[in-house]
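Please build the complete structure, drawing on both the sequences and the hints.
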Amino acid sequence: MGLVYLKDVATLILDKEKCTGCGICVDVCPRGVLAINSKEAFIVNIDLCIECGACAVNCPFNAISVKSGVGCAKALMKNRKGNAAPCCGESSGSKGC
Amino acid sequence: MSHANIDTKSPSWIIGHVETTAGNIPLVSTKLTAIDILGFWRMRWGIRRMNYKVDPGLYAVGSPGPDSPVLVSANYKMSFDILRRAVSSHNTWLVVIDTKGVNVWCAAGKGTFSTGAVLWQIKLTGLQKIAPHGTIILPQLSATGVKAHEVQKVSGLRTVFGPVRADDIPAFLNNGMKATAEMRKVKFGMIDRLALTPVEVKGAFKYLVLLSAILFILGGISWSGFFLERAWRLLAAAGVALLGAVLMGTVITPMLLPWIPGRAFSVKGGQVGLAWALAIFAHNWNFLSGVGLPGITNRIAALLAIPAISAYLAFNFTGSTTYTSMSGVRKEMRLALPAIIGAGIIGTVVFITGLVMR
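The listed protein sequences derive, respectively, from chains R and E.
Residue numbers for the first sequence follow the numbering used here, beginning at -2 and rising by one.
Residue numbers for the second sequence follow the numbering used here, beginning at 631 and rising by one.
The calculated SDA-like cross-link candidates involving lysine to any residue, where the alpha carbons are at most 20 angstroms apart (straight line), are:
hint, chain 1, residue 1, chain 2, residue 2
1, E, K817, R, L3
2, E, K961, R, N76
3, R, K4, E, L967
4, E, K759, E, P696
5, R, K64, R, V1
6, E, K815, R, G20
7, R, K75, E, K961
8, E, K961, R, I10
9, R, K64, E, R964
10, R, K75, E, Y837
11, E, K815, R, D24
12, E, K783, R, T17
13, R, K75, E, R960
14, R, K4, E, Y953
15, E, K815, R, F39
16, E, K707, E, R672
17, E, K683, E, S744
18, E, K961, R, L0
19, E, K961, E, R893
20, R, K36, R, P57
21, E, K815, R, S65
22, E, K817, R, A32
23, E, K759, E, H647
24, E, K836, R, M74
25, E, K815, E, L887
26, E, K808, E, D797
27, E, K753, E, G741
28, E, K661, E, S640
29, E, K683, E, L657
Label-pair restraints from in silico Cβ distances:
hint, chain 1, residue 1, chain 2, residue 2, range
30, R, S62, E, P924, 54 to 60 angstroms
31, R, F39, E, D822, 27 to 33 angstroms
32, E, F670, R, F39, 36 to 42 angstroms
33, R, N76, E, D822, 25 to 31 angstroms
34, R, K64, E, A866, 48 to 54 angstroms
35, E, E859, R, K64, 55 to 61 angstroms
36, E, T651, R, T17, 35 to 41 angstroms
37, R, K13, E, T651, 45 to 51 angstroms
38, R, V41, E, S693, 39 to 45 angstroms
Since the hints were made in silico from the structure, they are not lab data.
Ideal Cβ positions, reconstructed from N, Cα and C, are used throughout, including at glycine.
Structure, rendered in structure tokens:
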């Protein structure tokens, strides 16, 4: 049972020229989007990507870019244009784990 | 905050201290008490959630030494409780970051669980002196805010990402600090989803009260004055439909998420809302006719408004899940929100038309 959100929307881009195959992106990805094959990262299934940005933040070679943000309707309805900050943990928040 | 002032009002889970070259470090219990468990439930219902915190700083579990692993945590007490319970069989150091009482993933997204915050707390606690050969284990979900390679470079301590769930930490430690692919993935099972529904229900309550008040007023008002009895009768009859619509969006849709067709939350919620409307008709085709309303306008209004309410509330659940992206939610907002609002408005207009025709 794998929950997958909308198709073909994720903004994840991997620059294979810069990739050294260190594998940190595979370690930090909570969705199994990336994997390593013959010393190079590749995108297994982009539709699994939640654009959390962990891979881009932790890639020491800036080989990954993604327009990261939270997939939260409440946050996006409050701030339609900008990168919505997570509203969870605030008084109106929804997440408590 | 330093540990010095903890002694004045020391929490019950501090059960002693460990002596180190950098002073005494509080020793924490790995057993949760009834009060801690009560706290879990309080948090699930979102009651006084803003102040459920642990003082930032360094803590000890068991009898850790200079080469014991160092686990980093948010200062949301629920995160901390789950962590200390999970590591009961290991001697570890716990470094608690000041995330203003927010959980790891959200704090990393907000920027309070950052590379700088981790380095600052390491410096403040004198960790390099206390555990010079320890490995820093960051929660994997802090990776959106913390660069592990930078923490390692600046602190001089080996730094790795641990598993997503604290419960996997013992296996991770026993496995030479290697996480399996499963430990690296966020889950969103039935229990996870159900745990989030109380706050959803609570969040929808104010809309429920507002809509009930509107129904009450609409029910009682007429050309010749306000009839209280009519108002109550309409509220009693339509209130159940409304309550159902809210529960379909806040409880049933999250619960049955993997089995409801479609990918968009509004599509899933809308279907469940539609099923509820049809169930109401199956129970009583002339639904609300008892309060003197024409059946046809009621049915049209219910078919539009109930799915709209459920769809909207289901869409609101996106932020609580672990598998939605910002681009996806933005797309859904662009496409589904106008439809939801449109259905809601048309449903209301039709319903009011029925009331006027009464």
